[in-house]
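Could you build all of it, start to finish, from the sequences and the hints given here?
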Amino acid sequence: MSEAACHALGLAGFGALATAAWATVLYDLVIVLVVLVGVLSIAAGLTWFERRLLSFFQDRLGPNRVGPAGLLQPLADMVKMFFKEDWIPPFADPALFVLAPAIIIVSVLLAFVVVPVTGSFVIADLNIGLLFFLAMSSLGVYSVALAGWSSASKYSVIGGLRAAAQMMSYEVFMGLALTGVVLLSGSFDLNRIVAGQRGLWYVVPQLPGFLVFLLAGFAEMRRIPFDLVEAESELVAGYRTEYSGMKSGMFLVGEYLGMTLISALIVTIYFGGWLGPGLPGFVWFLIKIFIFIAFFILVRATLPRPRYDQLMDLGWKILLPLCLVNLAVTGAIILAVQR
Amino acid sequence: MTVAFYIAGAVAVIATLLVVTRRSTIHALLYLVVSLFAVAVVFYTLGAPFVAALEVIVYAGAIIVLFLFTVMLLNIGGEAGPDARRRLRPASWIGPGVLAAVLLVGLVAIIASGANARVGGRAVEPREVGVALYGPYAIGVELASTLLLAALIGARHLGQRRREPDGR
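These protein sequence lines map, in sequence, to chains H and G. The letter at position 177 of the first sequence is residue 177 when you use our numbering, and the numbering goes up by one with no holes. The letter at position 123 of the second sequence is residue 123 when you use our numbering, and the numbering goes up by one with no holes.
Read the hints as simulated data drawn from the structure, not as lab findings. For glycine and all other residues, C-beta sits at the position ideal for the given N, C-alpha and C. Everything hinted at is true.
Facing chain H, a subset of chain G residues (Cβ under 8 Å, in silico):
hint, residue
1, Ala53
2, Gly61
3, Pro126
For lysine to any residue, the following SDA-like pairs were computed, each having C-alpha atoms within a straight-line distance of at most 20 Å:
hint, chain 1, residue 1, chain 2, residue 2
4, H, Lys154, G, Leu74
5, H, Lys154, G, Asn75
6, H, Lys317, G, Gly159
7, H, Lys154, G, Val71
8, H, Lys154, G, Thr70
9, H, Lys154, H, Glu232
10, H, Lys317, H, Leu211
11, H, Lys317, G, Ile153
12, H, Lys154, H, Phe91
13, H, Lys317, G, Gln160
14, H, Lys317, H, Pro208
15, H, Lys317, G, Leu149
16, H, Lys154, G, Thr25
To be clear about the criterion: a stretch of chain H counts as covered by chain G if any three or more of its residues have a C-beta under 8 Å from a C-beta of chain G, and this derived list gives those stretches:
hint, segment
17, 123-131
18, 136-148
19, 155-166
In C-alpha cells, the structure reads:
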C-alpha cells in the first residue's frame, strides 16, 4: 500500500472517529433531555395524581374540572403560581431566601443522573453511583435548613432545625441499609446492582435493609408520616411559611421530584429495576415506580403524624441497631458461602 | 480534566478566603461548603472518585450541616458584633499567617521533591480503597475508630442530664 493511501485511510479513520464522538455527545444530550423532561413531567403530573388518588381513598372526587378528568389542573396551578406576587420578607436574608428553593431542585435532579432507566439508557454510569446518590440527597437538607433560617421567623426556624436533625439522622440509616446491597452485589454501580438481581430481587435477602431504606426515604423526602418540618398543626407550614408564588411552588415540585427519586431508587436497588418479562425495560421501570408512588400517597392518606421525639427515637434506637445487625448477618452469610 | 482541576483549585482557594473574611456565620459556612465541593472535584480529577464522594457525603452532607444546626440553634447566624470585628484587625492575622507560611513551605518542599500525582490518571476503584484500608493501613483505621469511640463516650458523658442530689 502506498504512503498516500495510508494517509488517506488515516484521515478517513480520524473523520469517522470524530463523527462517532459527535454521535456519542448527541446521544448523551438526548438521554439528558429525555430524563429531564420525563422526570419534570412526572413531578408536575403527580400534583394531579396525588390529589385524585387521595380523593379516591377518602371517597371524594378531587380536581376533575380542568380538561379531561382534571388532567390540566397542574397547568392551571402553574399559571396561578406564576402570577402570584413574588415577595421576599423585609426581615429575610434575601440571597439565601432565593437560593434555598433552587438547591432542592438541583440536588434531586442531579441524583437522577445515576438512575438507570434501562441497562444502556442512563446519563452517567458511575462506578460510585450509589455514593453519588447519597451525596446529592445529603445536600437536600441545606435547602430546607437555609429556607428556615433565612426566613427569620420562628415557625420557619423551628422547621429548619427539625429538618436538619431529621434528614441528617436518617441519611445515616439510609447509607447503612444500602451497604447490605453493596455487599451482595459487590459494587456501588447501580447498573451492576440491577444486573445482580436477575435471579432474585434484593428485597428478599435484604428485607430489613429495604424496610429501613423505605422509612429513611419517608424522612428524607419529608412526607407524612415524617413531615414534622412542615407540620401544619403546630408550625403553620414549617420552613416554607414565608414563601409565596413560584418559590413555594418549587418546594412543592422538589417534594414530588424527591418522591419520584426515592421510588426510582427503591425499584432499582431492591425490586430489579428495569428487569421483567415481556414488556420493554423502561415500561417495567415506570410501572414499578408508579406502584411505589401510589404506595407513598396511600400512606399519606392513612397514617397520622408522630411526635418529633418519637421520630428520633425510632431512628436511633430501632433503625440503627436493625441496620447494624442486618449488615453483620449479611456479611457473615456471604463469608460462609464463599468459604 | 486538567482545566477542571485548575478551575476547582481556584474556586477552593477563593471560597476559603471568603470563609475567613465573611462577617455572617451562615454565609461563611456556605462558602466552606463550596470550598469542600471544589476539593471534591480536585480529588475526582486526580483519580480518586471514592474519596470525592465521601468528601461530599461526610463533610458537606454531615459535618457542615451539624455546624449549621448549631448556628441556627444558638441564633448566631447574622452579622457578627463588634467583638468579631475586633478579632479581624490586621494584627490578629500574624499568628495564623505564620502557621500558614510553615504549611506553605512544607507544601512547596513536597512539590519540589517530585512526588506529585498526575491529573487524569487511573481512577482508583472503591474496592482498592477498602483493601488498602483493611490491609496495610489497618492500624490507622483502628486508631481512628478508638479515637471516635472515646469521643462518643465523652459526648455521652457531657450531654447527660445532671442528677439531682436526692437521686432523681
